[in-house]
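Peer 1: Residues per chain are reported as follows:
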Amino acid sequence: TQLLEQSPQFLSIQEGENLTVYCNSSSVFSSLQWYRQEPGEGPVLLVTVVTGGEVKKLKRLTFQFGDARKDSSLHITAAQPGDTGLYLCAGPNYGGATNKLIFGTGTLLAVQP
Amino acid sequence: EPEVTQTPSHQVTQMGQEVILRCVPISNHLYFYWYRQILGQKVEFLVSFYNNEISEKSEIFDDQFSVERPDGSNFTLKIRSTKLEDSAMYFCASSEAAGSAGELFFGEGSRLTVL
Numbered sequence: 032t033q034l035l036e037q038s039p040q041f042l043s044i045q046e047g048e049n050l051t052v053y054c055n056s057s058s059v060f061s062s063l064q065w066y067r068q069e070p071g072e073g074p075v076l077l078v079t080v081v082t083g084g085e086v087k088k089l090k091r092l093t094f095q096f097g098d099a100r101k102d103s104s105l106h107i108t109a110a111q112p113g114d115t116g117l118y119l120c121a122g123p124n125y126g127g128a129t130n131k132l133i134f135g136t137g138t139l140l141a142v143q144p
Numbered sequence: 014e015p016e017v018t019q020t021p022s023h024q025v026t027q028m029g030q031e032v033i034l035r036c037v038p039i040s041n042h043l044y045f046y047w048y049r050q051i052l053g054q055k056v057e058f059l060v061s062f063y064n065n066e067i068s069e070k071s072e073i074f075d076d077q078f079s080v081e082r083p084d085g086s087n088f089t090l091k092i093r094s095t096k097l098e099d100s101a102m103y104f105c106a107s108s109e110a111a112g113s114a115g116e117l118f119f120g121e122g123s124r125l126t127v128l
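So the sequences go chain by chain: A and B.
Residue numbering for the first sequence follows this note's numbering, starting at 32 and increasing by one per position.
Residue numbering for the second sequence follows this note's numbering, starting at 14 and increasing by one per position.
Just so you know, the hints here were simulated from the structure itself, not pulled from any lab data.
Note that the Cβ used here is the ideal one computed from N, Cα and C, for glycine as well.
Treat the hints with care, as some may be off.
To be verified - Within a straight-line C-alpha distance of at most 16 Å, the following computed EDC-like cross-link-like pairs (lysine to aspartate or glutamate) qualify:
# : chain 1 : residue 1 : chain 2 : residue 2
1 : A       : K101      : A       : D114
2 : B       : K55       : B       : D84
3 : B       : K55       : A       : E72
4 : B       : K91       : B       : E16
5 : B       : K55       : A       : E85
6 : B       : K55       : A       : D98
7 : B       : K96       : B       : E31
8 : A       : K87       : A       : D98
9 : B       : K91       : B       : D76
Said to hold, decoys possible - Label-pair ranges, simulated between beta-carbon atoms:
#  : chain 1 : residue 1 : chain 2 : residue 2 : range
10 : A       : A141      : B       : V25       : 23 to 33 Å
11 : B       : E72       : A       : G83       : 43 to 53 Å
12 : A       : T82       : B       : N41       : 26 to 36 Å
As the list claims (entries may be wrong) - Some chain A residues well away from chain B (every beta-carbon gap over 10 Å; in silico):
#  : residue
13 : A121
14 : G135
15 : T136
One chain only, chain A, in its complex shape (with noise of 0.2 Å):
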């Protein structure tokens, strides 16, 4: 079965810090997701990771997919209260024809001004 699991669960942190955010898997992904989701609404996603090794950058947003495939990374630089929200690694489901996305455990930030 494969799980992601991601640390840590929650994180307050002040308006202008750094913070990471990690995605972990024993299983191998060929390709990783990370979506942000407010309350009361849906997912949105905010970028997609192929390559093993893949760095991607979304303006004080930078993403980063393990050499494996089998791990991911957020890390926000000098985050803002609207970088509050829940933040979520999803990836497709192993051998799977269809978009069924596993969803990792989220990680829910809350930045205080």
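Use these hints to put chain B onto chain A, whose structure you have.
Peer 2: Frame of chain A, contents of chain B only:
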């Protein structure tokens, strides 16, 4: 910007009642999905739908669940006889393509509360 829309946003029902959750996927998308998220737990896959039939379903998606695309625009999830443990946020999603090339767009969810 095109979006996936879901109705109702919140439904409260009695145990044993039938519930239909409705979704309007993005118009040019061909793949449709239902996921659910029980409060405090992970987002879980329920079912995927393509070409008017179920492509894949999880073990959660038992005989009490069914999906339908009745009119070419709506995509519905029916729960025949709701149980307390069906209380969750139900998210509809759609994608233009399958596989890792197909980005999923999620609706805002329908919160189901079973009493």
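Peer 1: Hint by hint, say whether it matches the structure.
Peer 2: Structure-based check of each hint:
Of the supplied pair hints, the one linking K101/A and D114/A is violated, its CA atoms being roughly 25 Å apart against a limit of 16 Å. Distance check on the hinted pair: K55/B and D84/B sit about 31 Å apart at the alpha-carbon level, beyond 16 Å; violated. Between K55/B and E72/A the CA atoms are separated by roughly 14 Å; this keeps the pair inside 16 Å, and the hint holds. With a CA separation close to 22 Å, the supplied pair K91/B and E16/B exceeds the 16 Å bound.
Restraint check: the Cα-Cα separation between K55/B and E85/A comes to about 26 Å, which exceeds 16 Å; the hinted pair is violated. For the suggested pair K55/B and D98/A, the alpha carbons sit about 26 Å apart, so the restraint of at most 16 Å is broken. A C-alpha spacing of about 10 Å is found between K96/B and E31/B, which places the hinted pair at or below 16 Å, so the restraint holds. For the hint linking K87/A to D98/A, the alpha-carbon distance of about 14 Å falls within 16 Å, and the restraint holds.
For the proposed pair K91/B and D76/B, the alpha carbon gap of about 10 Å is at most 16 Å, so the pair holds. Under the hint 23 to 33 Å, the C-beta atoms of A141/A and V25/B, about 29 Å apart, fit the expected range. Hint check: E72/B to G83/A, Cβ distance near 31 Å, so the stated range 43 to 53 Å is violated. For T82/A and N41/B, the Cβ-Cβ distance of about 28 Å falls inside the hinted range of 26 to 36 Å, so the restraint holds.
Interface exclusion of A121/A from chain B breaks down, the closest Cβ pair being 8 Å apart, not more than 10 Å. The Cβ of G135/A does not lie farther than 10 Å from every Cβ of chain B; its closest approach is about 7 Å, which violates its non-interface assignment. Remark: the non-interface label on T136/A conflicts with the geometry, its nearest Cβ contact in chain B lying 6 Å away (cut-off 10 Å).
The earlier numbered hints that this structure contradicts are 1, 2, 4, 5, 6, 11, 13, 14, 15.
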